[in-house]
Amino acid sequence: MIRARTYTDAQQQAHSNAELNWWIFMRISGLVLVFLVLGHIYMTFIQVSEADATYIAVVNKLQQPAWKLYDWTILTLSMLHGVNGARYSIEDYVRSRPNRAWVKTIFYTVAAVIFTLGTVGLFSI
Amino acid sequence: MYRGREGQWAWMLHRLSGLAILAYFLIHVISISLFMFGEQAYMALHTTYELPIFSLGLIAVTAGVVYHSLNGLRIIMMDFTGMGVLYQRQMFWGVLGLTLLATAYTAFIVIGRLLGGEG
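In the order they appear, the protein sequences are chains A and B. Anchor point for the first sequence: position 16 equals 16 in my numbering, and the numbering is continuous, going up by one each time. Take any residue in the second sequence, count from 1 to its spot, add 125: that is its number in my numbering.
Next up, chain A with everything else stripped away, as it sits in the complex (with noise of 0.2 Å):
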């Protein structure tokens, strides 16, 4: 967990690399979500109504590969960035080691069968 100023602070306070480049992915994938996610709500909420979502809607539009592609990087995206998130969480509020490795692997497994899930669905149409 970095709590940082600057991205130079974040480098000399990250015990590992794999830390610093999670620290560096929150960044960038968050900016991407930003649109990502936006356009999202915005096309399938705000814009019309989402009980307009029907099956027959999902299955046409999903026969697109440019939204099977858009969906499935918000998918990807989003439970790479929230998962990690959960972790800083987890590691802030868990204290104890034992406690904290089983709240974790649960969440990582329940994140994973999820993701599969969404994959399988996203590319069985």
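Just so you know, the hints here were simulated from the structure itself, not pulled from any lab data. Among the hints, erroneous ones may be present.
As the list claims (entries may be wrong) - Estimated spans, in silico, between C-beta atoms of each pair: (1) A:Tyr-7 - B:Gly-182: 31 to 41 Å; (2) A:Ser-124 - B:Gly-129: 42 to 52 Å; (3) A:Ser-124 - B:Thr-172: 43 to 53 Å; (4) A:Asp-9 - B:Leu-239: 40 to 50 Å; (5) A:Thr-116 - B:Ala-229: 33 to 43 Å; (6) B:Trp-218 - A:Ile-106: 34 to 44 Å.
Cβ coordinates follow ideal geometry from the N, Cα and C atoms, glycine included.
Position chain B relative to chain A; hints supplied.
Quick look at chain B alone, frame taken from chain A:
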């Protein structure tokens, strides 16, 4: 900057909104993935989403995502520019203001649609 006053509130709201969005996101992916099991499985759940309470819930989701996005941009500015650190308090109020504005717009559109009977 992360201790006391605006910085700490911004950080706390960022963490809370992040965890809330993650919870929504995981359920959203499961729910949408139901279309793999055919129209009946998908629509069984999705007709309940037409209840007004879910539309109102989505306004809250939008508010959370807009706050998290804008405050994320604020964090990036703080991390990479000195100006960002200097103006982080002002930017926090800017983030809150823009979030309220975007939420009000969403609520206006969605509640208008609900009252118009379009679900």
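The hints, checked one at a time:
no.: 1; hint: A:Tyr-7 - B:Gly-182: 31 to 41 Å; result: holds (38 Å)
no.: 2; hint: A:Ser-124 - B:Gly-129: 42 to 52 Å; result: holds (51 Å)
no.: 3; hint: A:Ser-124 - B:Thr-172: 43 to 53 Å; result: violated (22 Å)
no.: 4; hint: A:Asp-9 - B:Leu-239: 40 to 50 Å; result: holds (47 Å)
no.: 5; hint: A:Thr-116 - B:Ala-229: 33 to 43 Å; result: holds (38 Å)
no.: 6; hint: B:Trp-218 - A:Ile-106: 34 to 44 Å; result: holds (39 Å)
Checked against the numbered hints given earlier, this structure breaks only hint 3.
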